[in-house]
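So you can see what is in the structure, the chains are spelled out below.
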Amino acid sequence: MSPTKNIIAVFKREFFSYFNSPLAYIILFIFVIAAMGFTFIVGGFLSSNNATLSGQGSFFMWHPWIYLVLVPAVGMRLWSEEQRLGTMELLATMPISPWHAVLGKYLAAASVWAIGLALTFPIILTVSYLGEPDPGPIISGYIASYLYALACLAITSAVSAFTRSQVICFIISVAICLLLFLFGFQQVVDFLLKVTPASLDGLVRFIAELCFMTHFYEMSKGLLVFDDVLYFLSVVGVCLGITHYAIQAKRA
Amino acid sequence: MKSKTTLSALVLLLVIAIVVVVNILVSGLGFLNFRMDLTEKGIFTLSDGTRRIVEGLNPDKPVAIRFYATSDSRLMPQWGQTYGNTVRDLLLEITKASGGKITLENIDPRPNTEEEDKAVADDIQGYTVNEEGDKAYFGLAIQSLDKKEIIPTLTPAEEGTLEYQIARALSQVTRTKRSVIGVMSPMPISGPAFNFPPGMQQNQQRPWIAIQQLRLDYDVREVPMSSEAVDSDINILLVIHPADISPRAEFAIDQFLLKGGKVIAFVDPHCLVSRAYNNPGQMGRAPTTFVSPNSDLPTLFKEWGVGYDKNLVVADMTFRTANNRRAVPTFLSIPKEGINDKEPMTEPLQLIQMFSAGSFNVAAKGNVTATTLVHSSEKSQLIDTTDAEKAMREDLKNFQASGKSQVMGVRLTGRFKTAFPDGQPKATAPAAEGPGGIPGMPGGFPGGLPPGMLPGGTGGENDKPAGAPAGEKKEEAKPSLKESANNDGVVFLFSDVDMEFDEFVVERDPMGGASMRMSNSNLPLLLNTVELLSGGADLIAVRSRSSANRPFTKLQELNANIEEQYRPRMQKIEQDLNDVVQEIAKGGGVKATQGLIMLNPNEAQAKQLQDKQVELMAKRRELIKEQTRMKDRREFLITLLNMAAVPLLIIAVGVTIAARRRSLQAAH
Numbered sequence: 001m002s003p004t005k006n007i008i009a010v011f012k013r014e015f016f017s018y019f020n021s022p023l024a025y026i027i028l029f030i031f032v033i034a035a036m037g038f039t040f041i042v043g044g045f046l047s048s049n050n051a052t053l054s055g056q057g058s059f060f061m062w063h064p065w066i067y068l069v070l071v072p073a074v075g076m077r078l079w080s081e082e083q084r085l086g087t088m089e090l091l092a093t094m095p096i097s098p099w100h101a102v103l104g105k106y107l108a109a110a111s112v113w114a115i116g117l118a119l120t121f122p123i124i125l126t127v128s129y130l131g132e133p134d135p136g137p138i139i140s141g142y143i144a145s146y147l148y149a150l151a152c153l154a155i156t157s158a159v160s161a162f163t164r165s166q167v168i169c170f171i172i173s174v175a176i177c178l179l180l181f182l183f184g185f186q187q188v189v190d191f192l193l194k195v196t197p198a199s200l201d202g203l204v205r206f207i208a209e210l211c212f213m214t215h216f217y218e219m220s221k222g223l224l225v226f227d228d229v230l231y232f233l234s235v236v237g238v239c240l241g242i243t244h245y246a247i248q249a250k251r252a
Numbered sequence: 001m002k003s004k005t006t007l008s009a010l011v012l013l014l015v016i017a018i019v020v021v022v023n024i025l026v027s028g029l030g031f032l033n034f035r036m037d038l039t040e041k042g043i044f045t046l047s048d049g050t051r052r053i054v055e056g057l058n059p060d061k062p063v064a065i066r067f068y069a070t071s072d073s074r075l076m077p078q079w080g081q082t083y084g085n086t087v088r089d090l091l092l093e094i095t096k097a098s099g100g101k102i103t104l105e106n107i108d109p110r111p112n113t114e115e116e117d118k119a120v121a122d123d124i125q126g127y128t129v130n131e132e133g134d135k136a137y138f139g140l141a142i143q144s145l146d147k148k149e150i151i152p153t154l155t156p157a158e159e160g161t162l163e164y165q166i167a168r169a170l171s172q173v174t175r176t177k178r179s180v181i182g183v184m185s186p187m188p189i190s191g192p193a194f195n196f197p198p199g200m201q202q203n204q205q206r207p208w209i210a211i212q213q214l215r216l217d218y219d220v221r222e223v224p225m226s227s228e229a230v231d232s233d234i235n236i237l238l239v240i241h242p243a244d245i246s247p248r249a250e251f252a253i254d255q256f257l258l259k260g261g262k263v264i265a266f267v268d269p270h271c272l273v274s275r276a277y278n279n280p281g282q283m284g285r286a287p288t289t290f291v292s293p294n295s296d297l298p299t300l301f302k303e304w305g306v307g308y309d310k311n312l313v314v315a316d317m318t319f320r321t322a323n324n325r326r327a328v329p330t331f332l333s334i335p336k337e338g339i340n341d342k343e344p345m346t347e348p349l350q351l352i353q354m355f356s357a358g359s360f361n362v363a364a365k366g367n368v369t370a371t372t373l374v375h376s377s378e379k380s381q382l383i384d385t386t387d388a389e390k391a392m393r394e395d396l397k398n399f400q401a402s403g404k405s406q407v408m409g410v411r412l413t414g415r416f417k418t419a420f421p422d423g424q425p426k427a428t429a430p431a432a433e434g435p436g437g438i439p440g441m442p443g444g445f446p447g448g449l450p451p452g453m454l455p456g457g458t459g460g461e462n463d464k465p466a467g468a469p470a471g472e473k474k475e476e477a478k479p480s481l482k483e484s485a486n487n488d489g490v491v492f493l494f495s496d497v498d499m500e501f502d503e504f505v506v507e508r509d510p511m512g513g514a515s516m517r518m519s520n521s522n523l524p525l526l527l528n529t530v531e532l533l534s535g536g537a538d539l540i541a542v543r544s545r546s547s548a549n550r551p552f553t554k555l556q557e558l559n560a561n562i563e564e565q566y567r568p569r570m571q572k573i574e575q576d577l578n579d580v581v582q583e584i585a586k587g588g589g590v591k592a593t594q595g596l597i598m599l600n601p602n603e604a605q606a607k608q609l610q611d612k613q614v615e616l617m618a619k620r621r622e623l624i625k626e627q628t629r630m631k632d633r634r635e636f637l638i639t640l641l642n643m644a645a646v647p648l649l650i651i652a653v654g655v656t657i658a659a660r661r662r663s664l665q666a667a668h
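Going down the list, the protein sequences come from chains V and H. The first sequence begins at 1 in my numbering and counts up one residue at a time. The second sequence begins at 1 in my numbering and counts up one residue at a time.
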């Protein structure tokens, strides 16, 4: 079979397994409720009198918080499950390269998130009804949010390739995502800059540069910068590389 | 097998290393780093001017920007939060564009914290927001080495000029040397700063307040009207009332402009102040001086495409100023409607006053673009100077609005051509004896140093420009500039001179004290112009930003509809309440005049009225509550639709699929 066909086969199997169990429905349910709830109730969307989905306390700025927990929940079963059930060996005997399996499974989980984001469409209708939003930042906000989710998912995928326990995979993934989230968060960076000696300013800024939020903020507000997009794609690429390595090592 | 794993680990490490290097190349070095501003109004795109200022910063003199914004929502109102985001975004863009030359510090001053002390130390103005005296801060401090510029308060109303304010501050704090301003005027308005011998000090010899103000920030130097060249170290030439200017002095201005100098000219068809400088002359002391009341730059205006008649004055019935209880149509108080609000430099100005100003009819030529800065209303007309003189005392007899607004302040930018294609004009002075030229003068002036003029030489009043036949041959040898070197030529023209005179820019303390108060925006106009020009062409290229704010118009409309719905009932209750209150008052009045006899029957009535009042007030309260409830209900409905519709759909789909699968399984 051709590589594309292999990937599609794995993708199909994985994608339908999400929707054949209650998992995907529950996660999508929580995601939509959380995204809307944070925006409308905690963020005071209607009283802000600002027809925009980006900026502090608004729709897109809540996404990283939600992904922190929900993305590892989707991704934790990617490889841990196979290892626990022993289907890993089965997969290894199949005439497909590990890359095809890695990509197929990853794309399946990624499409669950694509569906999740698509299901937040009511907020676009709402904001267009209530005011005159600028479509540009909404488009780039969705791109930013999806890239963020993809990066978290890739991290979870890499972690799950190393452990057979879904719980451990979940906790470690959340921890990594949290660190990458926090150290790029503007308030945290400002605080760190305040408490660390001036000689370490460069280091703090460098670490912040490696984290998610530094690359997320501008994109979520309507400015697509090539370097930010490249950053998220790099995280995805590197993490999938690690996943591939772990699978291959196990198979060997 | 083992070696295969090691190999793939090595490959993985190599790939990671490559990815990291590519990231560093793109983000750190800006290699192939594209940016796409998807916002409709280009909110993240800095103007070329700001970009050039930021990129031109000296890496050895880093700039620190401290942005103070109290983020606590109990202290900072909603507008502050929203606008804070806008400011923060702009600062972030500027910081990024600087490539590390600017550091941005976001400071959140809360009551009784170290941050608050910092804000106070930086002179950021705090707003008291509650009874405890807590303050919220919203301002900017921009510092480079020991120079600091402060924007003590930020308000959304100034969003248009925000970028300009920051760019201006950046160019201020990083400027290394003071700009030199040359002042050319037949009146001794920029007289030497301090060195009057006692007793010699005449009133009219004192420098104008405008010039004194300029001296605070710039080096101001006199350029005599008889000059034939402008010193090459002068950055900005301020020409004030060039009455009877000689062609050779015009040539000097022309060459100064083409060389890259910036020109600000105030001309006047009817200068009131000039009279103060007319001196009948005294035997043995001062020679007779006479400053013509009207001025012009005839040759230059012609070349620049500026039509101007030095005998016509603008009379405006809309913008006229009341003077001694009579509105003089030639004394103009120009409000914001007559001031260009698209230019960051004039946008903040509130009121410009001009006194018998002329009119420019600009038809910009070639590579020169004209921008109107100040104009009259359409209910205006041009009248000649004799009528203008009369208009100060009596009403205009036959005023007819031209239906066209007159331009009284204009900016020309672009690539200028010389107004003197044949080089320096010949002296028209009647038989002045030529000094014979100065052979071998160091040629610091590209246009060729005119004979008889040392740079910066202070010619006396009767020091007529010397142009000797002997010098003519030399002139041909020294070519003059024919065109400006680049597109950065700038000329500002204003058609009134009096507007910058002391009495018309400040109000003195009526008690005779030293304190002065700015009476209009005339002085800020001059100072802004000079500041803009000393910042170079970059500051001019900073445009006004459009607002990033997008309110919920529909929600406001819906809420207004609800209020509309309740208005008749509300008005009815208000009316009833009013009536009852009046009735009670009337009852009280009756009681007072008629004494005890009427008290008893009235008491019952008063009680009844009071009960009614309480009842009506309760009704009103209820109505307001109901109105708020309607609004809240609508908001709740919107929230509920957003939150619940899709999750319910998800459950429905999930349940349907599960049920179908179960029935399929059961069938098997």
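It should be emphasised that the hints constitute simulated quantities derived from the structure, not laboratory data. Glycine residues also receive a C-beta, built at the ideal position from the N, C-alpha and C atoms. Do not take every clue at face value.
What the hints assert, rightly or not - Output of the computed footprint for chain H on chain V, the stretches with three or more beta carbons under 8 Å from beta carbons of chain H:
# : region
1 : 23-30
2 : 69-82
3 : 96-102
4 : 110-123
5 : 126-134
6 : 176-185
7 : 220-227
Stated by the list, open to error - Per label pair, the in silico range of CB-to-CB distance:
#  : chain 1 : residue 1 : chain 2 : residue 2 : range
8  : V       : Pro197    : H       : Ile24     : 23 to 29 Å
9  : H       : Leu145    : V       : Ile26     : 38 to 44 Å
10 : V       : Pro197    : H       : Asp632    : 32 to 38 Å
Claimed, not checked - 20 Å max Cα-Cα, derived EDC-like pairs, lysine to aspartate or glutamate:
#  : chain 1 : residue 1 : chain 2 : residue 2
11 : H       : Lys96     : V       : Asp134
12 : H       : Lys96     : V       : Glu89
13 : V       : Lys194    : H       : Glu347
14 : H       : Lys41     : V       : Glu89
15 : H       : Lys41     : V       : Asp190
16 : H       : Lys96     : V       : Glu132
17 : V       : Lys194    : H       : Asp117
18 : H       : Lys96     : V       : Asp227
19 : H       : Lys554    : V       : Glu89
20 : V       : Lys194    : H       : Glu394
21 : H       : Lys4      : V       : Glu89
Does the alpha-carbon distance linking V:Lys194 and H:Glu394 stay inside the 20 Å limit? Not OK: V:Lys194 and H:Glu394 at ~70 Å, beyond 20 Å, violated.
The region 176-185 of chain V covered by chain H? Criterion: 3 or more residues, Cβ-Cβ distance below 8 Å. violated (count 0)
Consistency of beta-carbon spacing, H:Ile24 to V:Pro197, with hint 23 to 29 Å: With Cβ atoms ~25 Å apart, the hint holds.
How about the region 23-30 of chain V: do at least three of its residues have a C-beta closer than 8 Å to a C-beta of chain H? holds (count 3)
Cβ contact check, 8 Å cutoff: the region 126-134 of chain V against chain H, three residues minimum: holds (count 7)
With a cut-off of 20 Å on the C-alpha distance, tell me whether H:Lys96 and V:Asp134 pass. Violated. H:Lys96 to V:Asp134 sits at ~24 Å, over the 20 Å cutoff.
Holds or violated: H:Lys41 to V:Glu89, with C-alpha atoms at most 20 Å apart: 56 Å, violated
With the threshold set at 20 Å, check whether the alpha-carbon distance from H:Lys96 to V:Glu132 stays at or below it. The hint is violated at about 29 Å.
So the hint says 38 to 44 Å: do the beta-carbon atoms of H:Leu145 and V:Ile26 match that? 59 Å, violated
Compare the distance between the alpha carbons of H:Lys41 and V:Asp190 with 20 Å, and conclude whether the hinted pair is satisfied. 30 Å, violated
Just to be careful, I want the Cα atoms of V:Lys194 and H:Glu347 compared with a cutoff of 20 Å; is the pair within it? Outside the cut-off at roughly 38 Å; violated.
Proximity test - 8 Å, beta-carbon atoms, the region 69-82 of chain V to chain H, at least three hits: n = 0 at 8 Å, threshold three: violated.
Hints 2, 3, 6, 9, 10, 11, 12, 13, 14, 15, 16, 19, 20 from the list above are not met by this structure, while the remaining hints are.
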